[in-house]
Amino acid sequence: MEKTKVLVGLASCGIAAGANKVYNKLLALQETDKLDIELKKTGCIGMCYREPLVEIIDETGSYLYGEIDEEKAVEIFDKHLKQSEPVKDYVVKSDLFKAKDDSFWEGQVKIALRNCGVIDPENIEEYEEQGGYKALEKILKEKISQEDVIQTVLDSGIRGRGGGGFPTGLKWRFAYKYKSDQKYVICNADEGDPGAFMDRSLLEGDPHAVLEGLAIGGYAIGASEGVIYCRAEYPLAIKRLNIAIEQAREKGYLGKNIMGVKGFDFDLYVKEGAGAFVCGEETALIASIEGERGMPRKRPPFPAEAGLWAKPTNNNNVETYANIPYIFLNGPESYSKYGTEKSKGTKVFALTGKINHGGSVEVPMGVSIRDIIFKLGGGITDGKKFKAVQLGGPSGGCIPEYLADTIVDYDSVTATGAIMGSGGMVVMDETTCMVDIARFFLDFTVKESCGKCTFCRMGTKRMLEILERITQGEGKEGDIEKLQELAYQIKDSSLCGLGQTAPNPVLTTIKYFRHEYEAHIKDKKCPAKNCKKLLTYTVDPEKCTGCTVCAKNCPTNAIDGERKEVHTIRQDACIQCGMCYSKCKFDAIILS
Amino acid sequence: MRVKRILQEKETALQDSVDLTLIDPLIEKYKSKKGSMIPILQGTQNMYGYLPEEAFIKIAELTGLKLSEMYGVATFYTQFRLNPVGKHIIKVCHGTACHVQNATAISEAIEDALDIKDGETTEDRLFTLESVACLGCCSLAPVMMIGDETYGKLTGKQAVKIVKEIKIKESN
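Just so you know, the protein sequences line up as chains S and X, in that order. Under my numbering, think of the first position of the first sequence as 127, with each following residue one higher. Under my numbering, think of the first position of the second sequence as 6, with each following residue one higher.
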């Protein structure tokens, strides 16, 4: 009989939720009770909203326990592990009975995330048990030619998962065709989109899949060296990648004459990014690896011809590489059978914002945004009204509720004015102000613009100033038109993707939520009651207890009232700082 | 724009004298490697918590890297700091998910409690407050990170409580 397996999800978000404490508790219990179970660490299971997660797989089946703390861990240990009585109240998913979170899993197809939450990412043998490095072995042992490898990738229909959507096979073919004594493959793990964490999940949960994908890419284009450019904000991902690289070297999956194939050398290293969003752009990323300021370069020449150290270079995103071994093990049609005509396969999305089931999901292309949010995502928090979803981060746009039936594929999403992007999906409800969201993204691009192109450097700044004015209640007639004019100029006059797409959040919010801009500008009102300066603060006489906390905290002494009597706010002295609202313990401050 | 820090005045009062021999092995390791400027600067920062001026000069002398280029790189990337920081760096996430879940309230509460502004260090050199773009724990928004520890689903009050607990531990 197989040992009962106990898996604890130990990716960054699990750890943040306290999964380490749960793991240590279980470990201590196991040691004192000398219980013969297999306690394992694993990566991201995907249900971030239920972290910490513990999965128990015994001879009857699997039980996924959610929101486990040390106390619950003891209970599960005593009841389930010692007495074989599962604690059904905490089970969020099981293959034996209906559980409360089954809807989160319906319609998901795990290809890129196939091993996340299943294997111990720090143990190469577990990856091997799942068919790991078998794709590389197959290619090398069966002596599949470079052209055929590229053809298989083309046949699978996979397109760049970093957001651009360029066919991966074509990219490989370009880099393959240029002759050179030295070529490089790069993995872009500089996931800079605020609101996206798919790549982090993958790197923390299944680093070997990315390494194997890179090695296959290296073989296909004729590169002997690879670089993983990972952002320094992901310390755990970097640690696990380095462990994985060491293990792969020891096992001979990296190094010289791999698997005894003479002449196929491939090795790689992790390069820590130093915090610059623009380095997600491939030429800027290359400049950064070379140790320079990460500023984009003019293309052509494209990296396929002259990339890293001016040698032919292929650069793909983490998720793209993670799919590659699967495609070779199961055949290209196993991948292309999912998806739409022009967008094949699956896509990982990071669901966040005002959504009940935040986490990472992998769905076939062609699923509607509404299904992702309401079926998998479980709808909007606190029963509020769904307003919009932001796709593609600072380069993307907001898709309004009435377009939520848009399906996810590269072309349909682009048609709305947003972009597919790397997969961040930030859900917004009626309390999110769309002008403020546009301002937020512009603030981000202004800080992150490298400064090379004038329109991107100055234009975004001017746009931000206008947006700040509008959210402060100082918007003027003609501001919307001015924003649009600047937006098109920036798009037309910027060298790289950052500048070309920076105005997208503004353009899409104007397109779909023009009335909110107008309300700010003309009526000096924020319909979402979000922009502090546009709100009026009054005291609810029913709720006010006269505790004087608001009056004490008011920076302009605009609140009058005796102790234990209803207070009032003098509007002429109020500066709309919101301090009284945040300090009041009785919800007695009304915003209007 | 990624050049704003050039405008900042140097906080000479906070500068310490540093032991420059600490970076010798680092320089030795990367001296003759191409593209090693960023790793050298990262290693130096790991050592001192920031990039001291003396270290720049020493690296330039021993590796042949140009001082101007190093300064250009150090001011380009948000990771690098030119001034000393507190013992604990409080990184408040201001990614999209945290923004819509009111990350501003977290920053404001900490600013209030520690009486410092974003990017500043407390007088006792215990805390530095920083706003960062996405920490990648979006489902737990709003999030902050102190050292290697990440704290999720925060309110302003909870954030302040966590900071105060660290402060109490430090004073014992």
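These are calculated hints, taken from the structure and not from any lab test. Quick caveat, the model's predicted, so the values are computed rather than measured. Cβ atoms here follow ideal geometry from the backbone N, Cα and C, with glycine treated the same way. Some hints could be false.
Stated by the list, open to error - Label pairs and their calculated CB-CB ranges:
1) X:K39 to S:K303: 23 to 29 Å
2) X:K38 to S:D391: 16 to 22 Å
3) X:K36 to S:A358: 40 to 46 Å
4) X:K172 to S:E157: 45 to 51 Å
5) X:L131 to S:A358: 21 to 27 Å
6) X:K34 to S:T682: 55 to 61 Å
As the list claims (entries may be wrong) - Computed list of lysine to any residue pairs in SDA-like fashion (alpha-carbon distance at most 20 Å, straight line):
7) S:K437 to X:T160
8) X:K162 to S:R583
9) X:K39 to S:Q156
10) S:K573 to S:T557
So, going through the hints one by one against the coordinates:
Separated by about 26 Å at the C-beta atoms, K39 (chain X) and K303 (chain S) satisfy the suggested range of 23 to 29 Å. As the Cβ distance of K38 (chain X) to D391 (chain S) is approximately 19 Å, the hint placing it in 16 to 22 Å holds. K36 (chain X) and A358 (chain S) have their C-beta atoms about 23 Å apart, which leaves the hinted 40 to 46 Å range violated. Take K172 (chain X) and E157 (chain S): their Cβ atoms lie about 35 Å apart, and the range 45 to 51 Å is violated.
The hint said 21 to 27 Å for the Cβ distance between L131 (chain X) and A358 (chain S), and at roughly 23 Å that hint holds. At about 57 Å, the CB distance of K34 (chain X) to T682 (chain S) agrees with the hint of 55 to 61 Å. Distance hint between K437 (chain S) and T160 (chain X) is unfulfilled; the C-alpha atoms sit about 50 Å from each other, more than 20 Å. For the suggested pair K162 (chain X) and R583 (chain S), the alpha carbons sit about 37 Å apart, so the restraint of at most 20 Å is broken.
Simply put, K39 (chain X) and Q156 (chain S) have alpha-carbon atoms about 50 Å apart, too far for the 20 Å limit, and the pair is violated. A distance of roughly 26 Å separates the Cα atoms of K573 (chain S) and T557 (chain S); the hinted pair therefore is violated under the 20 Å criterion.
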